[in-house]
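Novice: Okay, here's what each chain looks like letter by letter:
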Amino acid sequence: MADINMSSAGVGSTSAAANATGSTVQLPINLFTRSTNDAIPQSTYLIPASWRRFQLSELINKVLQNNSDNGKKPVPFEFLINGEVLRGSLESWSKKNRGNDEETTIDIEYVRSTLPPQEVGRVEVEDWVSGLSLSRKGYILLSSYLSHLQILPLSSASTSSALYTLSLPTSLGATSCTWVSPPSQNNDILLAAGGVDRLTHVYTIPSLSPDTAQSSPPRELYTLHGHTQPVSTVIASESGKEIVSGSWDGLLNLYALPSTEPDEHQVAAEPLNYLPGQGNKKRRKMEKENPREPIEGLLDNDSTGEGGWRRVPDITFKGHTGRIGGAVWDKADQGKIWSAGWDGSVRGWDLNSGINSVVRQGPFDKSGLCIDQFAANGTLATGNMDRTICLWDTRQATSMISLTLQTTSPIPSIKTHPTSSFTLASATYAGTVQIWDIRSPKNSLFSVSNANRKERKVTKNGKVLGERLLALDWDGEVLVAGGEDGEVGIWNAAGA
Amino acid sequence: MAPRNATASSSKPASRSASTSKPVNGNAIGRPGPSTLKNKKRAVQEVEEDEDDEDDFASAGSGMDMSDDEELELGDGDEEDQEEDGEDEEPFPEFDSEIEDEDEDEAAQEGDSESEDSSQAEDEEDDEESGSESGYNSSDIEAMYGEENDNDEYSPLTSPSSSHKELSTDEKLSKLIAKNSIKPDESLGTDAKISRAKEGVGRLVPSKLVEGGYKREYEDYEAGYGSESSTEDNPNTVGNIPMEWYDDLPHIGYDVNGRKIFRPAQGDELDKFLSNTEDPAAWTSAEDRLLQQSVQLSDKELDIIRRLERAENPDADFDPYQPTIEWFTGEGNERVMPLSAAPEPKRRFVPSKWEHKKIMKIVKAIREGRIIPNKPSATKPTVYQIWSDSDQPNLEHAMYMPAPQLPPPKTIESYNPPEEYLLNEEEQKEWEEAEKEDRKTDFLPAKYESLRLVPGYKNLVQEKFERCLDLYLAPRTRKVKLNIDPESLIPKLPAPKELKPFPVATSVLYRHPENSRVRSVDTSPDGTFVATGSEDGVVRVWDLGNGREVWKWNLQGGAVQHIAWSPYRDESLLVALVAGKIAVLSPLALVAPAIAANTLTHVNTAFASSAATTKMGAGKEIKGTESIKWVRPSEKERERGVLVFVEVPGTPKQVSWHRKGDYFATVASDASNKSVLIHQLSKHATQSPFKKLPGQVQKVIFHPSKPHFFVATQRYIRQYDLSSQTLVKTLQSGVKWISSLDLHNKGDNLIIGSYDKKLAWFDLDLSNKPYKTLRYHTKALRSVVYHPTLPLFASASDDGTIHIFHCTIYQDLMQNPLIVPLKILRGHKVTDGIGVLDLSWVSGKPWLVSSGSDGEVRLWCS
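As you go down the protein sequences, you meet chains Z and W in turn. Okay, so the first sequence: first residue is 1 according to our numbering, each after it adds one. Okay, so the second sequence: first residue is 497 according to our numbering, each after it adds one.
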């Protein structure tokens, strides 16, 4: 105690003043952290109850001697008590949660603070945003229900001038998108989008540099068949050689992309309509003679409608009994993917053997809408229809759901921090972006609402705009989220 | 001396008792002793002497007929007799020899005892002859007085007997002769004991009535009343008088002969003192007032006194612990014949009912705690509670009911209240003007300097009278309050928490462009799409998960009344109703090609077969359904998935699919007898199953497994068997206007909602009346739906709420369905008095889709 008092004596005049008044209650607290860099000696401190985060943070910085003399910058800290972030003074927390018990020691965990997300821009999209990707630094890849795939440079994001706009040969809409080629590849970049038309469309763009854009137009390279219902998620391996798509029919299809462009289709094209007495041959013949009119709602007016090379899945993973909500490539083991389904289960699939190696069956109404994995420890996080975020321990012989974060609305998209094993970002149907620290499971660290809505009510094709978010991505610094409002919000959000 | 001679008294019972008792007499009283004494004291001396003689004879005779036991017992006496009475008995042989020598040869001259048995009859004869009766055995007497008999009492006994003998010798002889000639009475001889008991009393005399017979003549019985000492042995005959009367006289009374008994010499006080000091026996003597002398108390009398002092039985021989004689019980004493022929009373073998009842009453009281066994008696306060509220000491009485107490006086009633209690003039005036009942107080508060100045209270009598009247008229009864916990009357239902999952919150909104009223909503059987039909005439298909509108058909026929997905999963078919038209739709672009092909084949086959020639197409018309046409839509419409139009009369309001997805029924309540139509897709055929309808049909539904069809009119639900075309059952709903109807997937339970706010649950196996009628909505019900797989149902109402219920239907037919209210979902706004219009459960999930008049369609998730 003595040395702490000595060290804390210089914390500031606030503490001295508080002590001088005498009436201030002092609370015994234990300060600890899980980060080794910021650890301070374990002891019980008597802290004036009026202290807030700032004073506590200063205290720790004093103990760590993070001052300009040592050439270190003071670090702001967050303080978690019983899984709750300390927002007011210690006294108010104590009154709320402890009655007026001033004797029991309070265990306070402190973590390096992250700044609240700051909105840096907003991009208007013509329809609902269904998928977002930040895998390639500096660019936003988004898919929308207008069946568009857009690449936006992040720097000029607010201008909403798309670098590329790729149209799917359908007007039913795209549900997800992903970069296929690894970020290191700068030419002939592949990207994929899953659609309501049950197909995954793989596009190639020559380069991201604007000057080369004109040289060879981007085109659809492959059309991946095999699903009987709309595609819900598309992911690509790190190497960019494999694409896995999940669909409402409960299947996960693995497509190994050929290294060279093939010259024949693997499967016949699906009929565009089913009118009796009009075989596809005849139809096609007619089409050649006079270009067909696009079918309203099925084909977009400006789409070519031809598509790329049709391919069939190399491996089909069957197991989920409901819709596949999301899938994620295992971040440590490239031969494994994880998927969350509407049947409430989380399954791990071994790509080499094609078997379902792990099954974690939750309650049948805990329909998983999205899934992501913490890179640091392999814990899976799912966003669910029952308004929870669940963390699933992937190790054997542990409980299925290790932690449940309660929210107020379903979580359609979730993204973990690329390095931290504690923070994750989630989008909700209520229209908020939340950043969670799983050490504080009771409430999120930050919750940002896209409240500043535009006056648009209806998209250009008559769909109603709402506030819900459908897609989110976060690379640890920039966070993008979009959804029903037809906008992509861009925030600067660091996480630790 | 005289009182102690009781043992030797001549009265026969007494003497008999004396014979049994063992007299221990210090006095030398021989066998003749009593008689000598009696001779002195009694006037009946001759008789006594006779008796004594007889005793002597009897002693001889009875000694002979003694049993061996008695002889053994008294052997000592006999021996003594033989030895010591040798001289005594000399005269007997002499006398006897005189007689016996004459009769027969004298065998036993020496001792009478030796010839007992042989001469038994003789002895009897002697007894009879002499007429002497003896109550006691002579041997007993001898045994008693054997030692004393020897010397002194010898002579007086001999003389009378000898004289007697001499007198009766002739007679005796004749008697002996007669006796030998007469057959002895065998009964008497054989039953020795009985005869001997009888022989002692009376003597045999020749009977006058029976010739040659004898009868027994008895002596007059001399009753020995009272104690012998007082009656017999007392020589003084003055009786029980105060002896002071004789104090002045020289005598103290008269003896039995009337002679004076003179006062014995009385010593003076000195003599008394001397005798008291010198004579050691003086303290054991008592004064006999009657004889005016002191009598030495015998040991026996002293013993009696001692016993009386110790409150014991005065009889020394009385054994209080003598062994009981088991006459009727115990081993060997069982009575073969019962003493009574009465049947064994019931109480011997049946436990008493009344005892049992009494015991059970006590047991019950103990159980109920009214009786506490071994309860320590409540310690009563020893002091009177002077300050207790109830002034009564007898509160414990069950029926005691104290009169309600008067309220204690308040400050205002004081004779000297504080100033603020006093009324000012206005208030006083007001008080006086007010009616008596309206006054705040019955009196005017007044202030007095001292209690002495307080005047008399004029209302006292009146108030006391009223109080008495109150007490008299108020019925004082104990009102037993019915103490039922209202919680206990509520049926025990599981908590909603245990019945999770069920929908609790809105997760997804399916937004319609113009907020047009959405009349109908349905989810596809695989739970992926939601179809809605709104009043703008557009049928929309939505992604269930995120609320994206993925397809739509504008039917351009006015409001879409109802839509329903085909339950057949291999096809994707949707029927939408608009005015005058039924549209069969399929979202072909959204489903797998195989399913789309299936659907088209199913729906379009009939076009190819029947009316493919005509552009419009036509259905097969059956039974007067001429106005019903199956119409092929235009190619553009067909490209978008509008497969068939069926033109029907009226505005169809409801469509219900058969589970196999080929038939569907529509209801158009304004189409008179064609309001209920059943359509067959594969044949494009429509039939009207009812020629005449029982009323305005509201809803129809197919049975999930049987070929049954339910038709709900305004008040009744009729169950028809379609295969046999019969009416199976009519359910009486008890509601005024049925609005909605759903059948449980097992087909045994049915719920209806009504416009008069009720929901009725029917168990089809049970009754025609509802099993339960629930009324919880505040406005009309619009829709009731069972979950297709989970035990849930929901009802929607115009009050804007949706109620979710749990319903477990047990396999056990004996158990009633369990209905538990789970959740009220609020969120739909009420517009134009209409709230939630339609509901649909998502198959396989506890999710519910609802559509409202506010144009919102919501997905409620668990």
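Derived from the structure by calculation, the hints contain no laboratory data. The structure displayed is predicted, hence computed values, not measured ones. From the three backbone atoms N, C-alpha and C, an ideal C-beta is built for every residue, glycine too. Mixed in with the good hints, there may be bad ones.
Stated by the list, open to error - Derived pair list, reagent style DMTMM-like, types lysine to aspartate or glutamate, alpha-carbon separation capped at 20 Å:
#1 Z:Lys318 - W:Asp1166
#2 W:Lys1077 - W:Asp1022
#3 Z:Lys457 - W:Glu1352
#4 W:Lys796 - W:Glu808
#5 W:Lys1242 - W:Glu1143
#6 W:Lys1149 - W:Asp1166
#7 Z:Lys463 - W:Glu1031
#8 W:Lys954 - W:Glu931
#9 Z:Lys463 - W:Glu1352
#10 Z:Lys463 - W:Asp1032
#11 Z:Lys457 - W:Asp1032
#12 W:Lys1268 - W:Asp1308
#13 Z:Lys463 - W:Glu1010
#14 W:Lys1048 - Z:Asp107
#15 Z:Lys457 - W:Glu931
#16 Z:Lys96 - Z:Asp107
#17 W:Lys1132 - Z:Glu270
#18 W:Lys796 - W:Asp811
Claimed, not checked - Cβ pair distances, simulated, as ranges:
#19 W:Asp1328 - Z:Ala332: 55 to 61 Å
#20 W:Asp1328 - Z:Val267: 34 to 40 Å
#21 Z:Glu124 - W:Asp1328: 41 to 47 Å
#22 Z:Gly335 - W:Glu994: 40 to 46 Å
#23 Z:Leu115 - W:Ser984: 57 to 63 Å
Novice: Now, for every hint given, state plainly whether the structure supports it.
Specialist: These are the hints, each one checked on the structure:
1. Z:Lys318 - W:Asp1166: violated, 51 Å
2. W:Lys1077 - W:Asp1022: This hinted pair is violated, its Cα atoms lying about 27 Å apart.
3. Z:Lys457 - W:Glu1352: holds, 15 Å
4. W:Lys796 - W:Glu808: holds, 14 Å
5. W:Lys1242 - W:Glu1143: violated, 33 Å
6. W:Lys1149 - W:Asp1166: Status holds; Cα separation ~9 Å.
7. Z:Lys463 - W:Glu1031: holds, 17 Å
8. W:Lys954 - W:Glu931: holds, 19 Å
9. Z:Lys463 - W:Glu1352: holds, 14 Å
10. Z:Lys463 - W:Asp1032: This hinted pair holds, its Cα atoms lying about 15 Å apart.
11. Z:Lys457 - W:Asp1032: holds, 18 Å
12. W:Lys1268 - W:Asp1308: holds, 18 Å
13. Z:Lys463 - W:Glu1010: The hint holds at about 11 Å.
14. W:Lys1048 - Z:Asp107: Distance of about 58 Å is beyond 20 Å: violated.
15. Z:Lys457 - W:Glu931: Not satisfied, since the Cα-Cα distance of roughly 74 Å exceeds 20 Å.
16. Z:Lys96 - Z:Asp107: holds, 16 Å
17. W:Lys1132 - Z:Glu270: holds, 19 Å
18. W:Lys796 - W:Asp811: Holds, at about 10 Å.
19. W:Asp1328 - Z:Ala332: 55 to 61 Å: Since the Cβ atoms of aspartate 1328 (chain W) and alanine 332 (chain Z) sit about 59 Å apart, the hinted range of 55 to 61 Å holds.
20. W:Asp1328 - Z:Val267: 34 to 40 Å: Violated, since aspartate 1328 (chain W) and valine 267 (chain Z) (Cβ atoms, about 53 Å apart) do not stay within the stated range.
21. Z:Glu124 - W:Asp1328: 41 to 47 Å: violated, 36 Å
22. Z:Gly335 - W:Glu994: 40 to 46 Å: holds, 43 Å
23. Z:Leu115 - W:Ser984: 57 to 63 Å: Roughly 59 Å apart at Cβ, these two residues keep to the hinted range, so it holds.
Consistency note: the structure conflicts with the earlier hints numbered 1, 2, 5, 14, 15, 20 and 21.
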